[in-house]
Amino acid sequence: MSGTDSAGSRSGTDSAGSRSSSIVDVKDLTVRYRRRGSLRRNEFTAVDGVSFEIGAGRTLGIAGESGSGKSSVARALMRVHDPAAGSVRVAGREVTTLRGGALQRFRRHMQMVFQDPYDSLNPRLTVGDNVAEALTAAGVPRPDHVLRVRDLFDRVGLPAAFTGRYPHQLSGGQRQRVSIARALAVSPQVLVCDEAVSALDVSVRAQILNLLKDLQEADGLAYLFISHDMSTLRFIADDVAIMYQGRIVELGPADEVFARPRHPYTRALIAAIPQPGVGRRHRRGLVGGEAPSAEAVLTGCAFAPRCPLATEVCREHRPLLIAEPGGHQAACHHADAVGSLTVTADTTVPHQQGRTA
Amino acid sequence: MTAPPIVTTPAPSGETVATEPAGMRRVLRSLRHDKPALISIVVLVLLALAAILAPLLASHPPLQTYPEGLAANGAPIGPGHGFPLGTDPNGRDVLARLLYGARVSLVIGILANGLATVLGVLVGLTAGYLGGWVETVLMRLTDVVMSFPILLFCIALISVTGPSERNVVIVIALIYWTTLARIIRSQVLSLREREFVVAARTMGLSHWRVMRRHLFPHLVPTIIVYATLGVASSILIEASLSFLGVGVPVPTPSWGQMIEQGKEYFQIAPWLLFAPGVCLILTVLAFNLAGDWLRDLLDPTAPERR
Amino acid sequence: MTAILEVDDLTVDFTRAGTRTAAVRGVSLRVEAGERVGIVGESGSGKSVTAQAVMRLLPTTATVGGSVRFAGQDVLAYDAAKLAAWRGADIAMVFQDPMSSLNPLLRVGTQLTEGLRRHRGLSKSDARAEAARLLKLVGIADADRRLDDYPHAFSGGMRQRVCIAIAAACTPKLIIADEPTTALDVTVQAQVLDLLDELTERYATATVLVSHDLGVISSFCDRILVMYAGRVVEAGPTDDIVADPAHPYTRALLDSIPRLEGELPRRLPAIPGSPPFGDVPADSCAFADRCAYAQPVCRTVAPPTVPVGPRTQAACHFPLTLAEEVTR
Chain D
1 MSGTDSAGSR
11 SGTDSAGSRS
21 SSIVDVKDLT
31 VRYRRRGSLR
41 RNEFTAVDGV
51 SFEIGAGRTL
61 GIAGESGSGK
71 SSVARALMRV
81 HDPAAGSVRV
91 AGREVTTLRG
101 GALQRFRRHM
111 QMVFQDPYDS
121 LNPRLTVGDN
131 VAEALTAAGV
141 PRPDHVLRVR
151 DLFDRVGLPA
161 AFTGRYPHQL
171 SGGQRQRVSI
181 ARALAVSPQV
191 LVCDEAVSAL
201 DVSVRAQILN
211 LLKDLQEADG
221 LAYLFISHDM
231 STLRFIADDV
241 AIMYQGRIVE
251 LGPADEVFAR
261 PRHPYTRALI
271 AAIPQPGVGR
281 RHRRGLVGGE
291 APSAEAVLTG
301 CAFAPRCPLA
311 TEVCREHRPL
321 LIAEPGGHQA
331 ACHHADAVGS
341 LTVTADTTVP
351 HQQGRTA
Chain E
1 MTAPPIVTTP
11 APSGETVATE
21 PAGMRRVLRS
31 LRHDKPALIS
41 IVVLVLLALA
51 AILAPLLASH
61 PPLQTYPEGL
71 AANGAPIGPG
81 HGFPLGTDPN
91 GRDVLARLLY
101 GARVSLVIGI
111 LANGLATVLG
121 VLVGLTAGYL
131 GGWVETVLMR
141 LTDVVMSFPI
151 LLFCIALISV
161 TGPSERNVVI
171 VIALIYWTTL
181 ARIIRSQVLS
191 LREREFVVAA
201 RTMGLSHWRV
211 MRRHLFPHLV
221 PTIIVYATLG
231 VASSILIEAS
241 LSFLGVGVPV
251 PTPSWGQMIE
261 QGKEYFQIAP
271 WLLFAPGVCL
281 ILTVLAFNLA
291 GDWLRDLLDP
301 TAPERR
Chain C
1 MTAILEVDDL
11 TVDFTRAGTR
21 TAAVRGVSLR
31 VEAGERVGIV
41 GESGSGKSVT
51 AQAVMRLLPT
61 TATVGGSVRF
71 AGQDVLAYDA
81 AKLAAWRGAD
91 IAMVFQDPMS
101 SLNPLLRVGT
111 QLTEGLRRHR
121 GLSKSDARAE
131 AARLLKLVGI
141 ADADRRLDDY
151 PHAFSGGMRQ
161 RVCIAIAAAC
171 TPKLIIADEP
181 TTALDVTVQA
191 QVLDLLDELT
201 ERYATATVLV
211 SHDLGVISSF
221 CDRILVMYAG
231 RVVEAGPTDD
241 IVADPAHPYT
251 RALLDSIPRL
261 EGELPRRLPA
271 IPGSPPFGDV
281 PADSCAFADR
291 CAYAQPVCRT
301 VAPPTVPVGP
311 RTQAACHFPL
321 TLAEEVTR
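Residue numbers (the numbering used here), protein chains in the order written: chain D, 1 to 357; chain E, 1 to 306; chain C, 1 to 328.
Calculated from the structure, these hints are not laboratory results. Think of the CB as a built atom: it goes at the ideal place given N, C-alpha and C, for glycine as much as any other residue. Don't take each hint at face value.
Residues from chain E that face chain D, not an exhaustive set, calculated with beta carbons under 10 Å [said to hold, decoys possible]: (1) 162; (2) 195; (3) 220; (4) 297; (5) 299.
This is chain D alone, in the form it adopts within the complex (with noise of 0.2 Å):
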């Protein structure tokens, strides 16, 4: 049984855009890895059940820590690791089949902006070079490069004097521009952004989300917008899934997720966030622990060891995401119990059970 069977039957969509317009859909998509070193069929699930659309032209933010499978869907939906099960339709095309020239063809209508913006250019080609290549991917004649790329750079806004230099020689955010025209080379439609700015200083980090936005506006583009940054995604997301142990535990349209969190993990994750002048000398800690680790197989609901609000029914049966009137989703058996959650003193860590066999 999955958590997010009732996913389908969301009702009044009003925020995430008529069923029509949706740009990309995904449902049930399940992502599975083969544990490191073992000789037998040995595999994880990184990612379990996971159901969400994107409009054309707006952002879904995934938020989540480290081993919550917020980048294997990323990387499931680029096909860059195939999906053990479930469907991802982009443009109303089912993407998970498609192989050989027809996969090359499809990678178009969706690419990616990577976290590490000193590892994700080709540190042996110019950054010109970098983009030319997605050019070449896209079937756009030798001779058209250099103007093409003088375009590009214009709209991610780089002098185009830039275009000879090598990637070490840029400093992040303009690393990070050079990503972002890459990606734009080959007109998509979809961009997946995963921890786009994360890496970046905080000075830099608003030029780059403003720059995201603008290409959104001019362009119509969708975004799966991944981050573990809850004030990130406040600014840039319209929906906002969150993501515990491979699963959402909640999805809905950002404002009502931030002011009105229906899981307790939702709570955690916005209280954990130190804001200036915000909360100085309260504790921060909501819950004790970490997250298990990927691989640890548990009942119930993933978040419970963990959870202020558990109870023996958390421990035994798994939450379904249910879905409020204006598509406000939640896995949690205490969902109407969020509000009153206040951060508890004791931060005392349990016994970890996730610990890696």
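For this one, chain D is given, so just place chains E and C on it according to the hints.
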């Protein structure tokens, strides 16, 4: 081996640099600053010239035995006395053999090793990048070849094909690619997880282009180090083969053979070992230093030396 | 109250391939017992270099000038023996990466008791009992048994707790924590900051927290130093600075963090350009090129550090706290 195109000097903003001459200028400039590399390249050119011009440079034919080249007790004679580097136990001129031997040794060192390198890179790159059953097949094949007793394998192969320079080259290449294939594969395994390679894959480039343009250039440093060291190994494997009588057919001189033979007479005629030994060391050193220089030249992130 | 740490006009230069680069210029800072001082800055701001200079952890390529006094003693003059006795006993450091700051081949107990036996002269069994107490203190359950575990058996957050236990082992007067939560998940970061809070309260340990995250710094520290391109551009009590920043850089930094409450602008107020790298400019304000308020004088004269409020100082020709009356 296909080298990636020489990159041009990165232009600071505003400054324009012409593409073609800049590449050549950069080569020359970096050579001017890297004295060991310059000397190495000179040595390699001289070695090549010596091998090509052997008939002009040698004062004696390499195969001719001279009765006056042996002392009264039948021992080889030392340098001087009309033989600049002395004679071997058969009374042949060591200098002449050295010069002609350079032909065989350099050809084997470069060709056999070059062939092995190409093979190793192709196997390692394909296996590491494609993964799956392709990887399983290629890497098991590598294991099988690695587990052969090398010399036995060579003897068996050559006794079937017959000893000749060409066969020696092929046989050495066939046994020598495995280590490089493994090294390259493991490098590719970590490279393919780097974000720029994932980016290249997800933008829809062909496998061939991803391998050629986004993986291969990053393997070049490893390949250069391995290939330059491999020159020596190949020359020495040829020596062992010659020693066992399955190398280059006998009267033809090669450095390996000469070293093999020189070892026996080391106590009474050390020049027999020194002459080819020094040549081999010089060659290997020159290849390595030139290799280091080439590696830096191809790496745009390497700081330019002043 | 006496100062535990007094840094006066600290300068750090790195010499590489014959060229000298200024990394830190004129940093002064005073930490009193039980005080929490934060140094915030972006990459290349010199915040970590400052911390390392205080701990005498810089490589030999670095030239350190100015003075660093710890409880009145000149730290820069310490010899090797003195340094070894000082570090761990009176001052301790917590690093960013809990994976690499523990030795993977030694049991956690061994790494904890090392300092206890050395600096506090405890016997083997006493040290073990004390180590277990410390692990319990940092919130690790089943401490006795976990002493025999190797670091890999701990999760990232637990490892950072172990590192903090090691740092706290000899109840040092000062703990310097360099980005201690950057590698951790947010909910775990919150726990670790709570733990550091608890330690300071319990033992009156002073803490210098170094971070790029103004949120982390301002939620933890009593006083803040904002560094930019090797200089302290603004310093003072946290509340004053957060409420009323004087330096345009501090203001812009605060503005560029999206808030969790209230209306958000369609575009974030961003600082143009990137943080500079390399030399600290001697005759201009390093922020001038990115500053919305820059005047010609900012590009020709390095601004001196001046009082800009009752308890705050800033290095700016046109501090916002003073300029507002003038421009409006």
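Hint by hint, here is what the structure shows:
1. 162: This interface hint is violated because 44 Å lies over the 10 Å limit.
2. 195: 4 Å, holds
3. 220: Since the shortest Cβ distance to chain D is 9 Å, the answer is holds.
4. 297: 12 Å, violated
5. 299: Because about 7 Å separates residue 299 of chain E from the closest Cβ in chain D, which is inside the 10 Å limit, the hint holds.
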